[in-house]
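Asks: Sequence:
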Amino acid sequence: MANTYTQLDIHLVFAVKGRESLIHKRWREDLYQYVTGIVQTHKHKMLQIGGMADHIHIFLGYNPTQLLPELVKEIKTSSNQYIRERGYAKSAFSWQVGYGAFSHGRSERQTVIQYIQNQEAHHSKRTFRQEYVLMLQKFDIDYKDEYLFDFQDMTGWVGDQ
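Mapping the sequence shown onto UniProt numbering, position 108 (from 1) lands on 108, and the numbers just tick up by one.
It should be emphasised that the hints constitute simulated quantities derived from the structure, not laboratory data.
Treat each hint with caution, since some may be false.
[Unchecked claim] List of simulated lysine-lysine pairs, DSS-like, C-alpha gap at most 30 Å:
(1) 17 to 90
(2) 144 to 17
(3) 144 to 125
(4) 73 to 25
(5) 125 to 76
(6) 25 to 90
(7) 76 to 25
(8) 125 to 43
(9) 73 to 45
(10) 90 to 76
(11) 73 to 90
(12) 138 to 73
(13) 138 to 76
(14) 43 to 25
(15) 125 to 90
(16) 45 to 76
(17) 73 to 17
(18) 45 to 17
(19) 138 to 45
(20) 90 to 138
(21) 144 to 43
(22) 73 to 43
(23) 17 to 43
(24) 76 to 43
(25) 138 to 43
(26) 138 to 125
(27) 17 to 76
(28) 25 to 45
(29) 125 to 25
(30) 144 to 76
[Claimed, not checked] Listed next, with one range per pair, are the computed distances between beta-carbon atoms:
(31) 113 to 140: 20 to 30 Å
(32) 2 to 125: 40 to 50 Å
(33) 134 to 8: 36 to 46 Å
(34) 68 to 30: 18 to 28 Å
(35) 114 to 3: 16 to 26 Å
The structure displayed is predicted, hence computed values, not measured ones.
Positions of the beta carbon are idealized from the N, C-alpha and C atoms, including for glycine.
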C-alpha cells in the first residue's frame, strides 16, 4: 500500500496586538515551550522558535493533515489563554489578526534557524516593519500597507526589564 510523504518547512510570523512589547524575557522561554507543545501535539516538527518582545517567529516542519490557518488559530488562542492564566503580561495580551507564512526548501533550514536565533541582532539594525516587508518582497507577495500589522517604527525593543 502506498503512503504519502511530504517535506514542507513553514516560517510563521505574527505580532502582539497593537505591537506592544509584552513578551518579556523572564517568561519568553516558557511561552516558546508552550507553543512548541502545541505544534508537536498536532504532529508538526518544531525547527526553531524565537522573536522579540512584540512578535514571534515559528519555523516548523509542517504536517499537511492540519490546515495551516487552523494551526495558527490554535497557537494564538491557546497561547493567549496561557499568558493570561499565568499573569505574564502586565496588560491585556492578545495577538494581532493575521500572520505571515513563508515556505522554505530543506537547503534553507539552517539559514532560517540562524535568522530566528539572531533576532536581537537583526532588530538592532531594522524595525519589525522593515523586516516583515523585506520578507514579503523576498517571497514576491503582493501586499497593501493598510493590511499589514499595526507597526510602531522603532528600532530595538522595549519591555525586557
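Asks: Each hint needs a verdict: does it hold in this structure or not?
Replies: Hint-by-hint comparison with the structure:
1. Note on residue 17 and residue 90: the hinted pairing holds, with a Cα-Cα distance of about 14 Å set against a maximum of 30 Å.
2. Straight-line distance between C-alpha atoms of residue 144 and residue 17 comes to about 19 Å, which keeps the hinted pair within the 30 Å bound.
3. Taken as a hint, the residue 144 and residue 125 pair is honoured in the structure, with Cα atoms around 24 Å apart against an allowance of 30 Å.
4. For the hint linking residue 73 to residue 25, the alpha-carbon distance of about 24 Å falls within 30 Å, and the restraint holds.
5. At most 30 Å may separate the alpha-carbon atoms for a hinted pair to count; residue 125 and residue 76 meet this at roughly 28 Å.
6. Proximity of residue 25 to residue 90 is assessed by CA-CA distance (about 13 Å); at most 30 Å being required, the pair is judged to hold.
7. About 19 Å separates the Cα atoms of residue 76 and residue 25, which keeps this hinted pair within 30 Å; it holds.
8. This hinted pair does not check out: residue 125 and residue 43 have alpha carbons roughly 36 Å apart, beyond 30 Å.
9. Restraint check for residue 73 and residue 45: the C-alpha separation of about 17 Å stays at or below 30 Å, so the hint holds.
10. Distance check on the hinted pair: residue 90 and residue 76 sit about 18 Å apart at the alpha-carbon level, within 30 Å; holds.
11. For the proposed pair residue 73 and residue 90, the alpha carbon gap of about 23 Å is at most 30 Å, so the pair holds.
12. Using a Cα cut-off of 30 Å, the hinted pair residue 138 and residue 73 holds, with the two alpha carbons roughly 25 Å apart.
13. A distance of roughly 25 Å separates the Cα atoms of residue 138 and residue 76; the hinted pair therefore holds under the 30 Å criterion.
14. Between residue 43 and residue 25, the direct Cα distance comes to roughly 28 Å. Compliance with the 30 Å bound is thereby established for this hinted pair.
15. Taking the CA atoms of residue 125 and residue 90, the gap is about 28 Å. The hint holds against a cut of 30 Å.
16. Between the alpha carbons of residue 45 and residue 76 the distance comes to roughly 17 Å, so the proposed pair stays at or under 30 Å and holds.
17. With a CA separation close to 14 Å, the supplied pair residue 73 and residue 17 stays within the 30 Å bound.
18. Distance hint between residue 45 and residue 17 is fulfilled; the C-alpha atoms sit about 26 Å from each other, no more than 30 Å.
19. Between residue 138 and residue 45 the CA atoms are separated by roughly 24 Å; this keeps the pair inside 30 Å, and the hint holds.
20. At roughly 36 Å between alpha-carbon atoms, residue 90 and residue 138 are farther apart than 30 Å, so this suggested pair is violated.
21. Restraint check for residue 144 and residue 43: the C-alpha separation of about 34 Å exceeds 30 Å, so the hint is violated.
22. Straight-line distance between C-alpha atoms of residue 73 and residue 43 comes to about 16 Å, which keeps the hinted pair within the 30 Å bound.
23. Restraint check for residue 17 and residue 43: satisfied, since their Cα atoms lie roughly 28 Å apart, inside the 30 Å limit.
24. For the suggested pair residue 76 and residue 43, the alpha carbons sit about 17 Å apart, so the restraint of at most 30 Å is met.
25. As the CA atoms of residue 138 and residue 43 are separated by approximately 29 Å, the hinted pair is consistent with the 30 Å bound.
26. Restraint check for residue 138 and residue 125: satisfied, since their Cα atoms lie roughly 18 Å apart, inside the 30 Å limit.
27. Pair hint residue 17 plus residue 76 holds up; C-alpha atoms about 11 Å apart against a cutoff of 30 Å.
28. With a CA separation close to 24 Å, the supplied pair residue 25 and residue 45 stays within the 30 Å bound.
29. Taking the CA atoms of residue 125 and residue 25, the gap is near 20 Å; set against the 30 Å cutoff, the hint holds.
30. At roughly 23 Å between alpha-carbon atoms, residue 144 and residue 76 fall within 30 Å of each other, so this suggested pair holds.
31. Taken as a hint, the range 20 to 30 Å holds for the pair residue 113 and residue 140, whose Cβ atoms sit roughly 23 Å apart.
32. Separated by about 49 Å at the C-beta atoms, residue 2 and residue 125 satisfy the suggested range of 40 to 50 Å.
33. Distance hint for residue 134 and residue 8: a CB-CB separation of about 23 Å, inconsistent with the stated range 36 to 46 Å.
34. Between residue 68 and residue 30 the beta carbons are some 25 Å apart, a value that agrees with the proposed interval 18 to 28 Å.
35. Restraint check, residue 114 to residue 3: a C-beta distance of roughly 33 Å breaks the suggested window 16 to 26 Å.
Checked against the numbered hints above, the structure breaks hints 8, 20, 21, 33 and 35 and satisfies the rest.
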